[in-house]
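Asker: In terms of the UniProt record's numbering, the sequence shown has 276 at position 276, counting the first letter as 1, and numbering is strictly consecutive.
Wrong hints could be hidden among the right ones.
Unchecked claim - When the alpha-carbon atoms are kept at most 20 Å apart in a straight line, the in silico DMTMM-like pairs for lysine to aspartate or glutamate are as follows: (1) K210 x E181; (2) K215 x E175; (3) K190 x D107; (4) K133 x D85; (5) K110 x E241; (6) K237 x D189; (7) K237 x E263; (8) K215 x D189; (9) K187 x E53; (10) K33 x D157; (11) K210 x D197; (12) K133 x D107; (13) K151 x E175; (14) K30 x D157; (15) K187 x D238; (16) K135 x E53; (17) K110 x E181; (18) K215 x E181; (19) K37 x D157; (20) K190 x E136; (21) K79 x D197; (22) K80 x E259; (23) K215 x D107; (24) K30 x D55; (25) K237 x E186; (26) K215 x E259; (27) K135 x E186; (28) K80 x E53; (29) K190 x D85; (30) K135 x D85; (31) K37 x E53; (32) K37 x D55.
Don't read these hints as lab results, they were simulated from the structure.
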Amino acid sequence: MNGIFIRAYSRLLQIIVRIFCKLTGKGGGKFAKFLPKDQRFLIPNYCGNLNFEVDTTYPMESSVWLAGVYDVTTTNFLKKVIHPDDVVLDIGANCGALTLVAASLIDQGKIYAFEPAPTVRSRLQGNVELNPKLKEIVTVLPYGLGRHNYKGFYNEDPNYRGNGSLHGQKGIAVEVFSLDEWVALEKLDKIDVIKIDVEGMEYDVLMGGKAVLEKYHPILYFETLEIFFATSSHSIKDTYEFLSSLGYRIIYPTASYSEIPFEGPYPPNSVAIHSSQAARLRK
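Take the sequences, apply the hints, and build the full model.
Answerer: Shown next as structure tokens:
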């Protein structure tokens with residue numbers, strides 16, 4: 001396919017998928033396989049007035065191009081709870097689809113975006129640089145976060161480019177910190193919101209940040225897909241129970257904010273909110 005045809009076809013597919021998403025309320029991820037690979041497209045008005053470049057090599061980015069947003073529920077929740085002076089951690093930032101949204105809500109605050117995968121991290125940095133006003137707000141970091149400090153190894157999922165984990169014994173070497181250790185090194189005096197998407201390592205990240213959670217009571221938005229927890233030594237229920245022991249309520253990230261049963265079924269993403277932060281949901 002020549003370049004003109006590729007762009008015309010991709011644009012037509014985008015229009016069809018966005019109509020589908022609007023009519024059904026569903027995402028457009030399943031259509032990503034129909035996009036030509038190795039193409040780059042700029043979304044000039046991403047989630048308002050942001051510039052966001054997608055590379056169709058990566059299924060997640062393809063779905064953003066087609067649907068116009070990474071995840072409506074997550075995006076709306078971030079807009080609800082993030083304040084202009086917040087300090088936000090995006091742990092597992094990938095190419096920055098949510099990092100940019102969060103950064104656009106901040107004025108005097110700061111975002112620390114953790115992404116250990118070199119190729120994806122370069123995509124993240126590139127998307128930040130496409131938005132000059134956000135460059136002073138977002139700091140991109142090459143670290144992983146876990147239960148303790150160690151040397152990990154990143155391996156990309158061969159069936160879903162752009163996703164990966166630190167579970168392997170070999171691969172791309174990555175420096176991993178506990179959240180408590182990293183915050184102590186950075187000498188942060190507050191943390192308001194933490195988003196975690198680390199392919200089943202959510203429990204380890206939270207355990208490694210116990211002191212931070214007890215001190216700052218940040219709002220937590222974390223992935224709870226059972227397929228990823230199947231390879232973890234701890235379950236989603238374990239994660240909920242740990243957070244509950246620290247005074248957190250576990251709720252759905254939707255307008256009802258109803259509590260999630262610890263026995264399941266589990267939503268793709270969960271929210272944990274401390275009683276001291278409940279007012280943010282009434283913003």
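Asker: Hint numbers the structure violates, sorted upward?
Answerer: When the structure is compared with the hints, numbers 2, 5, 6, 9, 15, 23, 25, 26, 28 turn out to be violated.
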